[in-house]
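Colleague: Using the sequences plus the hints, can you model the full thing?
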Amino acid sequence: MTDKSNKEMRDSLSKTTLKKLIQDFYEQFESETIPHIMLPSRTKRNIELNEDSDVWVYGDSESMRSAKTVKGAKQLLKTSYVVELLIKGHLDQDKSSTLRELYYISENWDIAKFNEQSESDRLIEDLEIITGLQREDFHVRPEENGATMFGPIKIKEVTKRGERTMHCQEDVGEAGYQIPYNVETVQFLEHDAKFIIAVETGGMYDRLIENGFDENFNAILVHLKGQPARSTRRLIKRMNEELKIPVVVFTDGDPWSFRIFASVAYGAIKSAHLSEFMATPAAKFIGVQSTDIVEYELSTDKLNDQDIKALESELTDPRFDTEYWKDQINLMLKIGKKSEQQAFAGKGLDYVTDKYLPERLGEMGVG
Amino acid sequence: MVIAEELAKKQKAISIAEFFEKNRQILGFDSVPRSLLTSVKEAVDNSLDACEEAGILPDIFIKLENKSKSLVTLIVEDNGPGIVKEQIPRVFAKLLYGSRFHSMKQSRGQQGIGISAAVLYSQLTSGSPVKIVSKIDKDAPAHYFELLINTQTNEPEILKDKVIDWDRLRGTRIELEMEASYIKGRRQSVYEYLKDTAIVNPHARITLIEPDSNKIIFERATDKLPVQPKEILPHPHGIELGTLMKMLRYTESKNLEEFLCDSFSRIGAQTAKEICKKSGIEPERKPKKIALDEAKRLHEAFRTVKIQAPPTDCLSPITEELIRKGLEKEHTVDFIETTTRPAAVHNGHPFQVEAGIAYGGKLSKEDKVEILRFANRVPLLYQQGACAVTHAVESIKWKNYSLDQPGGGIPIGPAIILVHVASTHIPFTSESKEAIADVPEMIEEIELALKDVGRRLNLYLSRQEHLQRRREKEEIIQKILPRIAKKVGEILDKPTPDITPVVARIMGNVFIQRAVQKNGKGCDVEIKIKNHSDSVHRFSLHETMSYDISSPSPEPKKISLGKQSDYVWKISLKPGEQQAIVYKLDIKLEDASKLPQPVVEGIEEEHITGAKVVNV
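Residue numbers (my numbering), protein chains in the order written: chain A, 392 to 758; chain B, 195 to 810.
Keep in mind the hints are simulated off the structure, nothing from the lab. A quick note: this is a predicted structure, and the numbers were derived from the prediction, not measured. Glycine included, each C-beta is placed from N, C-alpha and C at the ideal position. Hints are all accurate, no fakes.
The calculated label-pair distances, taken between Cβ atoms and stated as ranges, are:
{"#": "1", "chain 1": "A", "residue 1": "D485", "chain 2": "B", "residue 2": "E799", "range": "51 to 57 Å"}
{"#": "2", "chain 1": "A", "residue 1": "E554", "chain 2": "B", "residue 2": "T690", "range": "47 to 53 Å"}
{"#": "3", "chain 1": "B", "residue 1": "K778", "chain 2": "A", "residue 2": "S422", "range": "22 to 28 Å"}
{"#": "4", "chain 1": "A", "residue 1": "G617", "chain 2": "B", "residue 2": "E413", "range": "55 to 61 Å"}
{"#": "5", "chain 1": "B", "residue 1": "S744", "chain 2": "A", "residue 2": "E498", "range": "57 to 63 Å"}
{"#": "6", "chain 1": "A", "residue 1": "G594", "chain 2": "B", "residue 2": "P405", "range": "52 to 58 Å"}
{"#": "7", "chain 1": "A", "residue 1": "Y715", "chain 2": "B", "residue 2": "Q772", "range": "58 to 64 Å"}
{"#": "8", "chain 1": "B", "residue 1": "K778", "chain 2": "A", "residue 2": "G480", "range": "49 to 55 Å"}
According to the in silico footprint, chain A covers these stretches of chain B (three or more CB under 8 Å from chain A):
{"#": "9", "region": "658–670"}
{"#": "10", "region": "673–683"}
{"#": "11", "region": "688–695"}
Modeller: See the structure below:
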């Protein structure tokens, strides 16, 4: 089967699935039922561990969105408008929009227009959940491309202008290989990597490249850029599953960074419907751990009120319900301090690559 | 010299200044911001009392100037009746001089300590004399005085006394210089005090010039002066033994019976005789000759003999209407309810409680409700936690009246609660007169008043909520649903679906729908009726037409109307129930489709969707 007919089939499936949703509304009108849709509750109380895939997905708790209330009715109206755009504007004409463009398109929709972009972003996520499809299937793109990666792996990417083959150390600039928004078009050709290290901040990512960490340790460096984009998480998962390369995650030592790790390893609460597609349950947390702050005597900042609230909330988050995480979170609350990963620079620029990371990798049995 | 005489000299030497120093706190002069507030309060209270007694609509002007870093000049001017020249020195420069000390009457000031205490404070902190101007009539001269209080003798010292030109009809002006500080933005401030005063004295115009020359006018909301409270004799239940003995000693009555009748309210000859009998004292005895143990028996007899409650027409409530106007003019709100309770009695003193609640508008939703407390039209700004008004507010379960009250205590919500207590004797917790004591009779009355306005607030809010829900539903059925239906049809390339059944469901109405189907040469008609509401509905359904129907189920009552016939079905449906009526018509489908909507009778139009309502 050619790529083209494959794409046509996918588009046609998307159209049928979206129409089915609208068909439901139509039938509800005909059967004298108030139009409504059911959605899983997107809260931390409604995520559960899927035993088979080992990632966190939505549980059975559902909420109803119904035209009984003004809020619900408007949501259904907006849903109808968006679905019409996706079918007639995107899929029928083979066009696409970014999430931001979609928000601006809605300006012509009178009372169905979105008040802010987060609202339309969320509605697209809702549609993913209801249809079991992904926004790429609706031809909806995120704003930015994914982050970058750097390391001993050779890949082939199918771009709109043809196939491109490159080695992510030899054929790329200083910043590395730019991860595209749809990583399904990337094929892995060969690699020489012992592990993948996903790094939260650009400063640390650059530090590892400058110190030659990728070469010395045969590591693929992936820049997470804060909360990682879907494509970044998906690429990490694919490399882990298809190439069996272990993954470690290196972030700051604060409550928000713990959540970055959780979304890489277990899935995000906001998009738990995609966990099975994007989470890498085998990923391990290398640091900065609360224990590292104490043992390596790192420079610290005091926890602020929001930090403390975030830590306390994590104690009731099922994703952190393990001995290891409870110890790390409680220790951080106890010392009342947090550290950035770049705090290692206080001990010399090579300290992190010569001492800290090798020691931690040794403890974890990676590399 | 005899020892006692020396002691007496020493006693005299305990000067009034020393007395003041020791009692600063209870007199309301314990901090610089509070001293200013107390001085303003005493001067304004005097002006309001004087104007009202003279039947003049008060126009009061308050000006504050920063004299130096710590000294403030306070000027209060009124359009009252003025003070006669001879009285001026003693009114302002002698402590405990006043006309109201012994009167049983609802008034603001009670002890005559107020304004002279402010004068003394001013003199002690600035060294300057008080400056007074007063004029009693258009054609009378204006007298100007500069006065000091002689702190050894508690007598006025006159520094200046002259006649000046003053372009006012009449009135009094007082100017004080004192150590003070003008504070804004908190509850206990001159501004808040005047604002609250303006609420409960809507007949007064109050002008405030702040030290930065900013001018604020609290405009009057009515030209009606409050009814002057009547002076009454004390009631036997409210009298203390010491007072009784004093009264016995100084009375001019010739015998005990006459004394009882003339000195107290609610004692007539009959009751007087009974009291005498009960206490075992002859009614003919001279009051001055009554001994202590006899006075005790008399006092005891006041309790045991049945005496009518004191008269209550001596009180002057603000009235429901004027409390509303007062709140309205000083606050932007959506809703105000006020109540004036009937007069009641505590310990022989008549009292009357009034309450108001203001809701919504610009009031904060997250903060505790503001409580405005008033005693005889004077705002109480300090010691809120110790006051019977606060205790009464806290004892009410405000959840029942639509206000949040997490963990009990003062409720939270966009509301102001106002309580005014009027009495010939307000039972304060202390001399500073900032909190009303927890007298059970009073707490009960305050609670009743608050519950009354609370109930009305609740009613208002539930009505608002009902209207809001109704508006929401209308928005859904008129604006949103039709658009969803249209859009859904467009996406599927199908006709727009009929939304009426869903509309009936959303509105919680009884839904009626007639469907006609071709059957051979004639038609089958089915009328579906479904009750989507939460209540039982009984009504009759009419099909009025010039055709005959056949095989109807259930059987209708047929009424002939000349050429036409009216077929009537009695319908009764519980919540959620539905019913179908079927019959046959021997006419073409297109004629049957032109039949007018079914008609229903005996149900409100707003409860029906899909039929015409006719109610005779």
